[in-house]
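Visitor: Spelled out from the first residue to the last, the chains are:
There are 2 protein chains.
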Amino acid sequence: MDTRTGLPVVGMVGGGQLARMTHQAAISLGQSLRVLSESPDDSAALVAADVRIGTHTDLAALREFAKGCEAVTFDHEHVPTEHIEALEAEGVKIFPGSGALVFAQDKGMMRERLAALKAPVPRWRRVNDISDMSEIGWPVVAKATRGGYDGRGVWVLDDEKAAAELIATGTPLIVEEKVALKRELAALVARSPFGQVAAYPVVETVQKDGICVEVLAPAPGLPEDLAVQAQQLAIDLANALGVVGLLAVELFETDEGIVVNELAMRPHNSGHWTIEGARTSQFEQHLRAVLDYPMGETSLTAPAVVMANVLGGAPGGISIDERLHHLFAEDPGARVHLYGKQVRPGRKIGHVTVLGDDMTSVRARAARAARWLQEGA
Amino acid sequence: MDTRTGLPVVGMVGGGQLARMTHQAAISLGQSLRVLSESPDDSAALVAADVRIGTHTDLAALREFAKGCEAVTFDHEHVPTEHIEALEAEGVKIFPGSGALVFAQDKGMMRERLAALKAPVPRWRRVNDISDMSEIGWPVVAKATRGGYDGRGVWVLDDEKAAAELIATGTPLIVEEKVALKRELAALVARSPFGQVAAYPVVETVQKDGICVEVLAPAPGLPEDLAVQAQQLAIDLANALGVVGLLAVELFETDEGIVVNELAMRPHNSGHWTIEGARTSQFEQHLRAVLDYPMGETSLTAPAVVMANVLGGAPGGISIDERLHHLFAEDPGARVHLYGKQVRPGRKIGHVTVLGDDMTSVRARAARAARWLQEGA
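Going down the list, the sequences are from chains A and B. Take the first sequence: its position 196, counting from 1, is numbered 189 in our numbering, and each next residue is one higher. Take the second sequence: its position 52, counting from 1, is numbered 45 in our numbering, and each next residue is one higher.
Think of the hints as simulated: they come from the structure by calculation, not from any bench. Keep in mind that the hints are not guaranteed to be accurate.
Treat identical chains as interchangeable: a pair holds within one or across any two.
[Said to hold, decoys possible] Derived pair list, reagent style DMTMM-like, types lysine to aspartate or glutamate, alpha-carbon separation capped at 25 angstroms:
(1) 60 x 43
(2) 60 x 34
(3) 60 x 315
(4) 86 x 314
(5) 60 x 351
(6) 341 x -5
(7) 86 x 315
(8) 341 x 57
(9) 60 x 314
(10) 86 x 152
(11) 175 x 314
(12) 341 x 207
(13) 171 x 78
(14) 60 x 170
(15) 154 x 57
Here chain A stands alone, though its shape is the one from the complex (with noise of 0.2 angstroms):
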């Protein structure tokens, strides 16, 4: 607790845009966020008081940042499983826990307890050689077990030259059918050590090149029961996994039905949309789950809701500044989240909230101002 407020400490480990807005949703709270983050130029720490620096590989600067925290939480997913524990057994309360994060660490774990729990997979097998690649039927998606973020670690692979190739990299994966997916849906939850379990909205994400450019809230034209399956599936996997916190299950809809791409626990893009768009959002809610609050209320603030994200461009050209002059002037209520991040082409430097009635003039504004943000010139 800090005494100065009476109100409680959360640790998150990783400085980027995530805690920067989990920050952001804190102050609301009474609270700071306390950031372990790898540079003072990092994204959270450009915004944060208690910043401490440190790497999420090194166990004493864990146990140091954990000291003094009610609870210790994540950016990303990158902490060792084995330090996790290690602060667990020394009782420090973090979240997701090593029990449950473990699987949105490793794809090959995730897959097979998701089989177990007789969740929605596609067909799938662990690569030993080059026949578990095969016998999938190409084209197939290979992904490394661990590590792989924003497109990076998934490859299609067309025959068996490609896949031998990947093979003799000697990284660990998993091979996954091609799905003939008719779009991609996310469904975001948050789950307490209490058990409460809240959901939001099923949402449409959309991706290109492997990373999210646009997420559509409601999912337009979702059938209910749909909607409701894929919230309910979100619901059971967290009380499953004992994930507490959020839970952002990304899903493949085809003709069949849904089933599971990826597991995160934590803040998602997918949910970014909330801080606007939602009555409370996935920020908030995260640090009300990890701290054993009640949950908050999940509805729409608006009929259409739509997020795009923001990457940077080429280099040169006119200034972020300059490009959210003309922004603001396009179109005085777009919502913009800056990240702070130096520029760097295709990397995620802000997003753009556009709410509104109707969710094709609403995410037809969307793109424009992400992309006014983006290229400018």
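Please arrange chain B on chain A, whose structure you already have, making use of the hints.
Guide: For chain B alone, kept in the frame of chain A given last:
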């Protein structure tokens, strides 16, 4: 400019809750608010990354603070006019400028200027001796020309005896008629150096013992012509006084129309509802104004929005953290803002905002939520 982000640096003098919430808004714009705070335990200093310790009456501290800021602005009105003038002479962009701010600092000058602009004001006098008061007719409202807030520096005087006692203290005073008011309203606008002015919907403010306890947005039952008149008055005053940033015009509604009570030139308690209740919060709007960005949309996000202040209750009883647990269980849709301040009876320690379709029920929920946080036991 912050070279790490390519985005501007705004400095805010004063480390109270207004700076705290402005920092929260700055984060979305890719910025990190620089705060000049008297103590590291001040509300904003607890959450901001770029905190300088110093006092607003120290010109050297102000000068050092302003270095590298694109714009300097205020959390309160207490910076000496001559210090602002000195900084302006040195080329610091400080908003509102001394020429405007003085009308929020000095009630005598404000009344004179408003009268010259033919704005509606109560009958008033500068107080030289008791005859200035008796001319107005008992009871009168006496106000210290400088330094009052939240009911401090304001006295209702019933007779000559009470008046004589106050005059004997030597405090420079103005005196006004005690207006037969139906209720209090506030018109909030923001103006940029370019001259763009954005107006928020006119709200009703409910006071108790001179402290604002509730704000209802929009002001229930306010005739459209009176709402437009109040907005136009605020726009005209912002232009005439050359305000840059926010201007809150506190108004009395009487049987004869509206009269101006007070002016504030900063984010204002009557605008806290805008965080969730308007497309652009007053805090972001203030930043956009002082940086000469185009203004954001000011429309309501729900038909009825109520902000209720949380005042410190009697010492003892259950802790603020426990009260928060109870409130979140009681009303999952209440939006809480705690300022990280030590509880003292009557001190504003936070606020709660509730949104909905029906003003009566929204107001009841907001009042209950604020009471819950205040007393709890």
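Visitor: State for each hint whether it applies.
Guide: Taking the hints in turn, this is what the structure says about them:
no.	hint	verdict
1	60 x 43	both (13 angstroms within a copy, 24 angstroms between copies)
2	60 x 34	both (23 angstroms within a copy, 20 angstroms between copies)
3	60 x 315	between (43 angstroms within a copy, 22 angstroms between copies)
4	86 x 314	between (41 angstroms within a copy, 18 angstroms between copies)
5	60 x 351	neither (48 angstroms within a copy, 46 angstroms between copies)
6	341 x -5	between (33 angstroms within a copy, 19 angstroms between copies)
7	86 x 315	between (44 angstroms within a copy, 19 angstroms between copies)
8	341 x 57	neither (30 angstroms within a copy, 35 angstroms between copies)
9	60 x 314	between (39 angstroms within a copy, 20 angstroms between copies)
10	86 x 152	neither (47 angstroms within a copy, 64 angstroms between copies)
11	175 x 314	neither (38 angstroms within a copy, 46 angstroms between copies)
12	341 x 207	within (12 angstroms within a copy, 40 angstroms between copies)
13	171 x 78	neither (35 angstroms within a copy, 68 angstroms between copies)
14	60 x 170	neither (45 angstroms within a copy, 59 angstroms between copies)
15	154 x 57	neither (48 angstroms within a copy, 65 angstroms between copies)
The structure fails to meet hints 5, 8, 10, 11, 13, 14 and 15 from the earlier list, while all remaining hints are met.
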